[in-house]
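Using the sequences and the hints given, assemble the complete structure.
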Amino acid sequence: MSGDPSRPFKWITAVCSVVTIGFLAAAAVRENISADWRGYQVGFRGILEAKATGDAARATARNLPIEIRQIVVPALHTVDRCVSCHLGIDDPRMTDQPNPHRTHPRKLLAIHRVEKFGCTVCHQGQGAALNFQEAKAEEYFWDYPLLPAKYTEATCGSCHDPRALPAGSADKLVLGMKLFEQKGCNGCHKLNGKGGPLGPALDNEGFKTKHELVRASLKGSQTNWNWFAEHFRDPSGIVAGSLMPMPALSQPQVEALTVFMLSLRQRDFPAEYLAPDKIDEQYARLHPPAPDGAAIYHRYCAACHDTGLHTRWDKKFARFVPGIRNAAFVRTEDDECLAENIREGRPGTRMPGWGPKAGGLSEAEVAALVAYLRTSAPAIALPAAPPRGDAARGAALFAQECAGCHGMDGKGLIAPALANPVFQQAATDAFLAQTIRAGRENTPMPAFGRAGFSEGQIGDLLAYIRKWQPPVRNAALPGRHATQEGRVTP
Amino acid sequence: MTPIQEFLENLKQTPQHLRESAMRTGKAPETDRERSQSTFHNLFLHLQSVRTDRRSLRFAYTFGLGLILTASFVVLTITGILLMVYYKPGVELAYHSVKDIHFVVPAGRFIRNIHRWSAHLMVLAVFLHMARVFYTGSYKRPREFNWLIGLVLLVLTLGLSFTGYLLPWDQLAYWAVTIGANIANSPREVTDAIGVTAWFDPGRFQKQLLLGANYVGQESLIRFYVLHVALLPMAITAFMGLHFWRVRKDGGLSRDESLPAPPARIGGRDVEVFAPTKTYGLMAVVRGRTPVVGRAPEGSVPSWPNLLWAEIAAFMFTVAVTLVLSYFFDAPLKEMANPAIPENPAKAPWYFLGLQELVSYSAFMGGVGIPSVVLLGLGLIPYLDRDPSGVGIWFGGPAGRRTFWQSAGYGLVSVLALLAVTVNYGWLRTWFPTIPQIAIIIFNPATVIVALYAAWSLWVLRRTSSIRMSAIALFTCFLAGFIVLTAMGSIFRGPNWHFYWWPSQWPVH
Amino acid sequence: MHDSPKRRDFLGLAAIWSAVIAMGTALAGVMRLPKPAVQPGPLRVFKLGDPGQFAVGSATRIEAGNFFLFREEQGFHAISSVCTHLGCIVAHNEGEGFACPCHGSRFSTDGSVVGGPAPAALPWLEIALSPDGQLQVNAESPVPKGTRFRV
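Protein chains in written order, with the working numbering: chain A, 1 to 490; chain B, 1 to 509; chain C, 1 to 151.
Hint data in this document are derived by calculation from the structure and do not stem from the laboratory.
Because the structure is a prediction, the values reported are computed rather than measured.
Yeah, the Cβ is synthetic: ideal placement off N, Cα and C, and Gly gets one too.
Calculated pairs, BS3-like style, for lysine-lysine (alpha carbon to alpha carbon, straight line, at most 25 Å):
hint: 1; chain 1: A; residue 1: K183; chain 2: A; residue 2: K194
hint: 2; chain 1: A; residue 1: K315; chain 2: A; residue 2: K190
hint: 3; chain 1: C; residue 1: K47; chain 2: A; residue 2: K107
hint: 4; chain 1: A; residue 1: K183; chain 2: A; residue 2: K208
hint: 5; chain 1: A; residue 1: K210; chain 2: A; residue 2: K136
hint: 6; chain 1: A; residue 1: K278; chain 2: A; residue 2: K208
hint: 7; chain 1: A; residue 1: K194; chain 2: A; residue 2: K208
hint: 8; chain 1: A; residue 1: K190; chain 2: A; residue 2: K210
hint: 9; chain 1: A; residue 1: K411; chain 2: A; residue 2: K315
hint: 10; chain 1: A; residue 1: K183; chain 2: A; residue 2: K150
hint: 11; chain 1: A; residue 1: K467; chain 2: A; residue 2: K411
hint: 12; chain 1: A; residue 1: K316; chain 2: A; residue 2: K194
hint: 13; chain 1: A; residue 1: K51; chain 2: A; residue 2: K107
hint: 14; chain 1: A; residue 1: K116; chain 2: C; residue 2: K47
hint: 15; chain 1: A; residue 1: K208; chain 2: B; residue 2: K334
hint: 16; chain 1: A; residue 1: K208; chain 2: A; residue 2: K178
hint: 17; chain 1: A; residue 1: K278; chain 2: A; residue 2: K107
hint: 18; chain 1: A; residue 1: K210; chain 2: B; residue 2: K334
hint: 19; chain 1: A; residue 1: K136; chain 2: A; residue 2: K150
hint: 20; chain 1: A; residue 1: K150; chain 2: A; residue 2: K178
hint: 21; chain 1: B; residue 1: K88; chain 2: C; residue 2: K35
hint: 22; chain 1: B; residue 1: K334; chain 2: A; residue 2: K219
hint: 23; chain 1: B; residue 1: K334; chain 2: A; residue 2: K136
hint: 24; chain 1: C; residue 1: K47; chain 2: A; residue 2: K51
hint: 25; chain 1: A; residue 1: K210; chain 2: B; residue 2: K347
hint: 26; chain 1: A; residue 1: K316; chain 2: A; residue 2: K190
hint: 27; chain 1: B; residue 1: K88; chain 2: B; residue 2: K334
Simulated coverage check for chain B against chain A, where a stretch passes if three residues somewhere in it have a Cβ under 8 Å from a Cβ of chain A:
hint: 28; stretch: 49 to 62
hint: 29; stretch: 98 to 104
hint: 30; stretch: 300 to 314
hint: 31; stretch: 333 to 339
Footprint (simulated), chain C over chain A, 3 or more residues, beta carbon under 8 Å:
hint: 32; stretch: 17 to 26
hint: 33; stretch: 62 to 70
hint: 34; stretch: 110 to 118
In C-alpha cells form, the structure reads like this:
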C-alpha cells in the first residue's frame with residue numbers, strides 16, 4: 001500500500017491549527033483576563049467591601065461589575081477611560097489607598113466634577129487608552145502626553161484667571177506670570193498681540209508639540225515641558241544662535257516659567273466652563289484700565305534698556321543701547337518726539353516699533369510710557385537752531401569730530417545712527433543743535449559748544465546731517481519735520 | 001392513517017427529513033466515486049477539477065502561493081467587514097474610531113492587527129506568485145491570457161492596499177497618500193517641460209479624480225473608502241473567479257509534460273496508467289487539444305481528499321502565520337493626520353518605496369514612465385516568448401538557472417553602482433544647475449538602469465538565441481533592482497531623503 | 001474499480017478536527033465584536049448635588065436623565081419619564097400623574113398605567129448617596145415601585 005499523498009498537508013494543517021488555537025487563546029486571555037484594568041477593578045472591589053458599613057453596602061460592593069468605564073463629555077470632545085483603573089478618584093474614603101485607587105488630591109473633584117470635565121482636559125495624556133503606558137503616552141505617537149504632576153497647574157489658566165484663585169491653588173503659575181512680566185520677556189516676545197518681534201510669539205506655546213520644537217540638542221524626555229525647562233536654563237544651548245539673554249534662575253523659577261509657558265493655550269471652551277474671573281480677565285484685556293507707565297517700561301523696555309539711566313553695551317546684540325531715561329536726553333526731547341520714537345522704533349536696528357500696528361501698545365499706553373520717561377526730567381524750551389549752513393563744510397567737520405562714534409554716513413557705531421529714517425523724522429533741528437551744543441551728560445557725547453563750536457559750524461553740521469533725511473515724508477507719521485529750508489513747522 | 005396522524009408523523013420525521021433534503025444524494029459521500037461525483041456537482045467544490053495532477057500539489061513547485069493569496073484575501077475580507085462595524089470614514093472621526101478599535105472593541109486590537117499583517121502578506125505573496133509563475137514558464141500556451149488576468153489582480157491588490165492605507169487618517173497615512181497623489185500628478189513634469197500644461201494636463205486630472213480636491217481631505221477619504229470596501233473588492237473577486245476558471249480551462253496548474261507522469265492514485269493505491277488514445281465523456285479520459293475539461297487520469301489523484309487537504313493546509317498555514325505576527329506586533333498608528341506637520345521623511349507603503357526612490361530622480365519616470373513600461377513588458381511576455389517547450393520547469397533548465405544567477409548579479413551590481421553614484425556625486429542638476437528638465441526626464445538613474453537592464457537582456461538574447469532566456473534575464477534584473485530600491489527607500493533614506501546608513505544616524509529636528 | 005480502503009486516518013481526523021476547532025474558536029471570538037464593551041454615550045448615573053437643595057414636596061424634572069425626582073416626607077424617589085409604550089417623554093401633572101403626548105398613555109402618580117397603550121408602569125429608578133455626599137440617580141437601574149430613599 002503506497003503512501004498517502006496528503007500526509008504532509010495533514011501534518012501542516014494539524015500543527016498550524018494548534019498554533020492558531022494557541023494564539024487565539026493567548027489573545028483572548030490577554031484581553032479578557034490579564035488586562036491591567038481588570039486587576040485594578042478587582043482590587044478596588046475588595047477595598048469597597050472592606051470599607052463597607054453594613055450588609056447592603058457589602059452586597060453592592062461584591063456586585064461591582066468589572067467592565068470598561070469611561071467619561072464622555074461631548075462639549076469637550078472628550079472620552080476618558082482613566083476611571084477604568086482610577087475607580088476611586090472621586091470617592092473621599094480612598095485617601096488612604098495607594099494609586100490607582102487613591103482619591104484625587106486637594107479635594108479638587110468636589111468643584112470639578114469628573115462627569116463634567118473628564119480628566120484629560122486638565123492632565124493631558126491619551127484618555128482613550130486602557131493601560132498606563134499608553135495613557136501617559138510619553139515616548140509615543142501622541143501629541144500631548146500626560147503632564148507631570150508638578151506642571152499640572154498650567155491647565156488651570158485655561159478656565160481661570162490664576163491670580164484670582166485662592167492661595168495654594170496655582171502658585172507656580174502665578175509666579176510664572178509675575179516672572180514673565182518682571183524679567184521683561186515681552187521685550188522680544190509677543191503675547192496677545194503685544195510685544196517685540198525678535199523672538200517668536202508665545203500665544204499658543206502650551207500647545208506646541210514636540211515636532212514643532214527644535215530638539216537637536218534636547219537631552220532627556222522629548223516633551224515640550226522638558227524643552228521649556230532646558231531652554232530657560234540655557235537658551236543658546238537648545239536653540240543654536242539664540243540671542244535670548246537669560247539671567248540665572250533658580251529651579252523653582254524655571255518650573256514656574258515652564259508652567260506659565262504650558263498655560264499659554266488657545267482653545268475655545270464652551271462658556272459654561274469658564275470661571276467668572278476668566279471672563280473678567282478677558283474683558284479687562286479688551287477694556288484695559290489706566291496703563292501704568294512704570295509697569296509698561298518694565299514689561300517691554302527693561303529687557304534691553306535696563307534701568308534706562310545709562311547707555312549699556314549689550315553683549316548679544318554687540319551694540320550700545322541708549323539710556324532712554326537719561327535726564328539729559330529726556331530734557332531735550334519733547335513728549336511728541338519721545339512718542340514718535342517709541343511708536344516707530346528704529347528700523348534697521350534691534351529697536352522695534354511699539355505703536356498699535358507694531359508692538360501692539362495702545363496710544364494710551366504709549367502716552368503712559370512717555371509720562372514715565374518724563375519723570376526723569378521735564379522738557380526744557382530748546383534754544384532756536386542756527387540756520388542750516390554749508391553741507392560740504394559740515395561733511396568735513398563730521399568726518400573729523402563725529403564719524404568716530406557715529407560712523408561714516410551716519411550709520412552708527414557706538415553712538416546712535418543719525419541716518420536712521422525715524423530719527424531723522426522725529427528729531428527737530430533745535431534738538432540736534434542743542435545736543436551738539438550741550439552734549440549728553442552721562443554718555444560719551446561731548447558738549448561741542450563748550451569745546452568751541454560756533455553756531456555756524458553747528459549749522460553746517462545740521463545741513464550735512466539733514467542730507468540723510470528720507471526724501472518722502474511718511475504721511476502716516478504724525479511727527480514734525482524740518483523743511484528743506486530749515487524752518488521748523490510746528 | 002388519519003390525516004391528523006399523518007400530520008403528526010410528518011412533523012416527527014421532519015429533523016431527519018430536513019437533513020436528507022439538504023443533500024441531494026441524501027447522504028454524505030462515502031466512496032471514491034461518490035466523492036468524485038460530489039466534487040463535480042457541489043456548488044462550492046465544483047471549482048476544483050475532479051482529479052488533480054500529482055505534480056500540481058508539490059510544495060517545491062508552487063510553494064502554495066496562489067492558495068496563500070486566496071486565504072489572505074478571505075481573511076482580509078472577513079476582518080475587513082468586522083472593522084467596518086466600528087470604523088467611521090470622516091476626518092474628525094476616523095482616527096479616534098481606529099483608536100477605539102485598538103483599545104475598547106472586543107477583539108478589536110487583534111482583528112485590526114490581523115487585517116494589517118494579512119494585507120502586507122498578500123502584497124508580498126502576489127509578487128512571489130508572479131515570480132513563480134514566470135520562472136516556471138507557466139505563462140506559455142494556453143495560459144497567456146491568465147497571465148494577463150494575473151497582472152490585473154496584481155494592480156488591484158496594490159490598489160486595495162494603497163486605498164486601505166489612508167483610512168486610519170494618521171500621519172503615516174496622510175503623507176503616504178499625499179506622495180501617492182503627487183505621483184499621480186507626475187505627468188505634470190513632462191507637460192511642463194514641453195510647455196503644453198495649459199491645454200493638456202493629465203496629471204492634474206488624475207490627481208483630482210483620485211483626491212476629489214487638490215489636497216488630501218474628506219473627499220479623498222470617502223473616495224478611498226468606497227474604493228477599498230466596495231469597488232475594488234468586487235473587482236478583485238470577479239477577476240479572481242475568472243483567474244480560477246481559466247486555470248481549470250487551461251488544464252489545471254502547469255507541469256512538466258516532457259517527463260513521464262507519476263503514478264495515479266486510484267482506489268487508494270498508486271497505479272501506473274498508460275495514456276489512452278480514445279476520448280470519452282467529460283468525467284473520464286480526454287486527451288489532446290480537445291476540450292480540456294478533465295484530463296487523463298495518469299499522474300492524477302482525486303481532488304477530494306488530496307487537493308482539499310492542500311487547500312486546508314495552505315489556509316491554516318496563512319492563518320497561523322498571520323495570527324503569530326498579529327499577537328506580537330501591533331499595526332502602526334502614529335499621531336492624527338496634521339497637514340501642518342509633514343512627516344520627514346514621508347514614505348509611501350513599502351511596496352511603493354522602490355517607486356518613490358525612482359520618483360526622487362524624476363517624478364514622471366518614476367511614477368508613470370517606468371511602471372507603465374514594466375507593466376507593458378510583463379504583459380507582453382507570453383506573446384513574445386511563444387516557444388511552447390519548457391513549461392513546468394524552473395528556469396527552463398540548468399541554462400536558465402545560470403542565466404538567473406548571472407542576471408541577479410548583474411542587476412544587483414548595476415543598481416548598487418548607480419545608487420552609489422547618485423548618493424556620492426549627485427546627478428545632472430548637481431553638475432549643471434541650469435540644465436532643462438526634459439534632459440533630466442530622459443537621462444536619469446531610472447532610465448539609465450532600465451537601459452542597462454535592457455542591454456543585458458538583449459545580450460543574453462544574442463548569446464542564447466532564446467527569448468525565454470532573455471525574458472528571464474530582464475525579469476531577474478528588474479526583480480533585483482526592485483528589491484534593492486525598496487530596501488534603499490525603506491532603510492537608507494532619512495529626513496529630506498538623504499542617505500544614512502542607519503536610522504539611528506538620522507538627525508533629530 | 002477498487003474503492004479506497006477504509007482505514008482509520010488518525011492524522012487526518014486530528015488535522016480536520018483541529019482545523020474545525022481553530023476556525024470555530026476564531027468565529028466565536030469575532031462574534032463578540034459587534035457587542036460594545038462600553039456604552040459610547042455619556043454616563044447614565046446622575047449626580048444631583050446636595051440632597052438638601054430639594055425641598056420636601058418638590059417635583060423636579062431632570063431633563064438630561066429623562067426622569068422626575070420627588071421628595072416627600074418618607075424620602076426621595078425617582079420615576080423615569082420615558083413612556084413604556086414607544087419611548088416618548090411624558091409630562092408631569094401635579095397631583096394627577098403623568099401623560100404621554102404621543103399616543104395618550106396615562107400614568108398615576110406612582111407610575112402605574114391608568115390608560116392608553118402603554119404595556120407597563122413607569123419604572124422607579126435607583127437612588128443612592130455617592131461617596132462624596134451627592135444624591136445620585138442611576139437611570140439604568142430600576143427598583144421596585146414604592147422604594148424610597150431616606151437621606
